[in-house]
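A.B. asks: In the order they appear, the protein sequences are chains A and B. Residue numbers for the first sequence, in the numbering used here: 16 to 461. Residue numbers for the second sequence, in the numbering used here: 159 to 579.
Honestly, the hints are just simulated from the structure, not real lab data. Each hint should be verified, as a subset may be incorrect.
What the hints assert, rightly or not - Ranges between beta-carbon positions, derived for each pair:
(1) A:D86 - B:V458: 46 to 54 angstroms
(2) B:E338 - A:G438: 21 to 29 angstroms
(3) B:K251 - A:P228: 53 to 61 angstroms
Using N, Cα and C, we set each Cβ at its ideal position, and we do this for glycine too.
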Amino acid sequence: MDPEEAISYALDLGAEFVEIRHQKISVTEVFVVNGVIRRLSSGDESGYSVRVLLDGSWGFSSGPSLKELVDSSLKLAKSHKGEKIEIKGRSFSGSYISSVKVPPDQVSVERKARDAVELCKRGMINEVRNFNVSYVDGAVEEEVFNSIGTKVRQKIYRTRVSFSAYAHRAGITERAMESAGGTRGYEVVEESAELAETAAKRAVELLSAKSAPAGKFQAVIDPKLAGVFVHEAFGHAAEADEVLAGMSVLEGRIGQRVGENVNIVDDPTIEGLYGSYKFDSEGSEGRRKLIVEGGVLKGFMHNLETSSKMGVESTGNGRAMDFRNPPIVRMSNTFIDRGDADLDEILRIKEGIYAMGSLYGYTEPAKGQFMFKAEEGWLIRNGELVEKLREVAIAGNTLDILRNIELVGKDLRFSPGTCGKDGQWVPVTTGSPHIRVREVVFGGLR
Amino acid sequence: MMEKEIFIQRGRVISVHAERGVIKRAEERRFEGAGIRVIKGKKMGFYFTTDLKRIDDALRKAEEICDANMEDKDLKGLPDLGKSNVKGIFDSKIAEIDVSEAVEIAKRIIEAAKISEKIYSISCDVTLSHVKTEIYGRGEQEEERTFVGISSYITARDGMKSSTGMEMNSGRSLLSVDPEFVGRKAAELALMSLDSIQIETGDYPVLIHPLASPNFIGFLVSAAANAENIQQGRSFLTGKIGHLMGREEISVVDDGTLEGGVGTRGFDDEGVATRRTEVISSGVFKSAIHNSYTAFKEGVESTGNATRTYNSIPSISMNNVLLEAKGIEAEEDELLSMKKGVILYSTDDTPNLANGEFSGLIALGFLVEKGEIKSGLREVGFGVNMMEFLKKVELVGKKRRSVGSVIAPEIRVSSMRLAGK
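Using the sequences and the hints given, assemble the complete structure.
C.D. replies: Okay, here's the thing in structure tokens:
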């Protein structure tokens, strides 16, 4: 049974919407600890997934055999009762291969192993007790067919290398991480030697950092932390499934002012970024969206289900981790767009904190609350960076931060990342220029 | 000489998810895949595939990767196979279950949660799996295991007040979960938390509920006593074998042979027989948990804690973790008898692996005054160092509860720093 026959078969048996995906994935991974290769592995996986809608209920199944999956999905859909919806949307067709300079499948495993070990050696400096290099490349070939008439095929390469350095001095351990990657090829590795050194130096520098003061401060947020903030605290609240589930502070706010001086974009079409794609996992073409323009909320991110429910067009944000999972609303490359301030001007404050990097955080999209732990920071006095700080925590209300943005820098920078939602992990990019915020609560838990 | 290992997993997972009291998704996944390890001297190669018809091809690729690899002086070959006699890890009812029965379980959770008009939103998950693991290459082993996990997440509202409650059950047989309890209890917790307060910053006695035990003793075994983390200097337990970590009544054990345990299995994912390992014995840190690589590096035996899926090389994790505390066990009344204390019911945080500092936020907690639960807690942070945690234990409950693969009592610690107003 081929995918088109499977769609007809499911429609004949009463399905209102049918989607068939097939994926072939190949992956190579190298993990080096202190100069020793601890993992050198490759593999390939393939499989189908079938999703059907019947009487408002979804059935989803995945596995190796298409006919079995159609039967199973129909049975799953019949096992429960949902709210009636009609999937409406445009159909797409076409094919796409991401363009890379050096396709990773044309680089030998020997070379990948050797290069990762060399990168690791660059990070093993004085007080760095432990330095890890993680290299992963993958090629995903995907075909999507659905009963609206979509028929697309794409092959996307992704390559990523990450460094983590653990420095020790007199019972203190500090960690710093750096990462580079994109829908790119092996060129990522060739460009990342300096980044390995940066991670190591930063971990060592942190050993002599002081604890951050607690309280309200004027703040400068670096592109890494501002990027993670806008993804976690704002981006998830702008996913239409969260809005429909009553879990978003942005519900009912389209057309309203949610911030000052700020444009927030989600754009999978930027070539080479980690979260880029031509077609989403539902086969809809990805496109650039201004979610916030001049501080005003313009719209949400959608897949076919949420766009059908809310009477708009899918924004091409329906993404699945792999063939074992159904597409749900996800971000791609999400960022605060560049402004016009220089970094010098941004840092020119009397007293404040410059928070940099991101360790972890939580958000409550329903209430708009967040807490993030930054990797490091500086105390600023009279425009000068006077004291290095470690583990700086920021907390507050997402919309308060957006409303308090005073300056947005010119220096838009992107970081690759992996975003988890409902147990599915997908590659994304976070990004931002430096921003200055009138007032941020520092300290949080301590 | 070449050693090889072919690890095959085949299985089926059914999952049902409900939101706002309505079934949103019913999913079925069937999978099969093989992971192949090849070792020649001090070099290893690994290749995985979902195409079981091409095992020979995958074996050849693993060998190519092995040849391309560099030597690792700590690599000392594959372990001997073994199998413990374990009971209660397979339930044919789960293996043969129809999705409609999983939907029924979800509906029972939802119905049981409708205990008040203030219950605003009911979410729940039901997961059922049946997996067969086979290991070939040095002899043959196979085992079939089943699993069931159910959980609920409930929001209550009353005017402007809003709160959440959660509950879960898991096991290896359908009989080990109670949908009515999971629905009702989460709803009760949400209602109890509607009136929640901030408390003054200070030191309080704290009763840690079993639901939070994976973040405390689960973490202690799975992450801190993980030999890989220790050998790499990532864990605060590096160099701490023989150190006193708790009072002498307390032992923390990893046991992969416990009847019916979520983490029970006859052999680990390298084919090593599971066993009982005293990680903390009479208060003293005695042993890490190992797979064969970390064990052989130290010249000890694997503890049977290798964990993997077919597409990954074995790492290390806990089997079943138990806290034993003979002589300081108490009934519920006595545990609650605090003049002014706190129940830490759940947290989303975990300790800092590097230094053992555990500072987090109480996700669900209650204030106790004169032995009675007074109100919920809001925005209360807590701080404790995991090297000191087991020294502060005053009493533990007589009853044990399994939360995933951690089997713990309620644990009362004499004092913890809590940050509130």
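A.B. asks: To test your reading of the hints: which numbers does this structure violate?
C.D. replies: none
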